[in-house]
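In the working numbering, each number is its position in the first sequence, counted from 1, plus 23.
A hint or two may mislead.
What the hints assert, rightly or not - In the PhoX-like style, the derived pairs of lysine-lysine whose C-alpha atoms are separated by at most 25 Å in a straight line are:
1) K126 x K113
2) K89 x K113
3) K89 x K126
4) K152 x K89
Read the hints as simulated data drawn from the structure, not as lab findings. Predicted, not measured: the structure shown is a model, and the values here were computed from it.
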Amino acid sequence: MPELPEVETTRRGLLPHLVGRTIRDVVVRNANLRWPVPRDLGRHLGGERVLDIRRLGKYLLLDCRKGHLLVHLGMSGRLTLVPKDLPPRKHDHVDVRLVEGSKTLRLTDPRRFGAMLWLDGEALRRLAKGRRVAVKQFVMNGRIITGVGNIYASEALFHAGIHPQRSAGRISAARWQRLAESIRATLERALAAGGSTLRDFASADGHAGRFQYEFFVYAREGEACRVCSGPIRALRQGQRSTFYCPRCQR
DNA sequence: CCGACAACCTGTGAGC
DNA sequence: TGCTCACAGGTTGTCG
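Work out the full structure, taking the sequences as your base and the hints as a guide.
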């Protein structure tokens with residue numbers, strides 16, 4: 024019966040058992056859910072550590088370094104920790120096995136309206152295929168990626184070495200993967216620094232953020248690139264300012 | 001823009 | 001007991 028309270032209850036139940044744990048591999052017994060479960064899920068997830076578990080609406084996201092495991096419980100799905108040698112029953116479609124410990128994360132779903140997908144650079148590349156919109160506007164599109172705004176789009180593109188005006192559909196798979204990881208890493212570093220304060224942001228206890236001191240490009244027009252020493256440039260895309268290094272970003 | 005509806009699939013309970 | 005039917009938490013895409 025997974026409506027929001029059920030999904031959130033699942034998230035809270037899994038959190039203390041999964042965060043910090045490393046995934047060994049994945050067993051897909053039946054890939055026929057709402058969308059096919061990727062056969063190579065184990066290749067992506069094997070060796071990845073679960074950094075956090077988040078909920079977006081009724082979707083669950085297991086955050087890892089290289090991507091995110093998206094789970095939807097559909098109409099009849101359950102995500103439970105079971106003893107690792109418990110034999111699978113009829114509707115136990117996927118097991119996510121952990122490196123140490125005695126538990127396995129098991130997806131059960133009789134009606135198979137649920138979903139389990141791996142979100143990474145390759146997923147972004149597929150969404151971007153054929154699209155001529157600039158990559159910066161693409162990553163800021165809330166229907167594609169949630170939560171990437173103007174500052175962090177510029178910073179992440181710099182770290183991925185991608186020019187902000189490049190068409191989203193003209194970026195190679197390897198560079199999409201680099202960008203996906205760079206977005207996650209940039210957001211995490213900014214979070215650790217308490218966010219960025221340009222003029223008005225303050226945290227709940229009234230303190231300014233500190234990430235603005237770690238900017239590589241944002242609001243640094245004319246200053247020296249911290250990597251190549253060339254001048255940082257600015258431009259406008261869709262009424263928003265963009266900062267980039269023309270030498271480091273292609 | 002909206003609402004209606006179909007599609008995906010299995011299990012359960014009601015009614016005959 | 002056994003069969004058929006309606007209906008069940010969700011999401012997405014199409015049609016009017």
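Hints, verified against the model:
1. K126 x K113: 19 Å, holds
2. K89 x K113: Roughly 32 Å between the alpha carbons, so the hint for K89 and K113 is violated.
3. K89 x K126: With Cα atoms ~23 Å apart, K89 and K126 stay inside 25 Å; holds.
4. K152 x K89: Given pair K152, K89 holds - Cα atoms ~20 Å apart, limit 25 Å.
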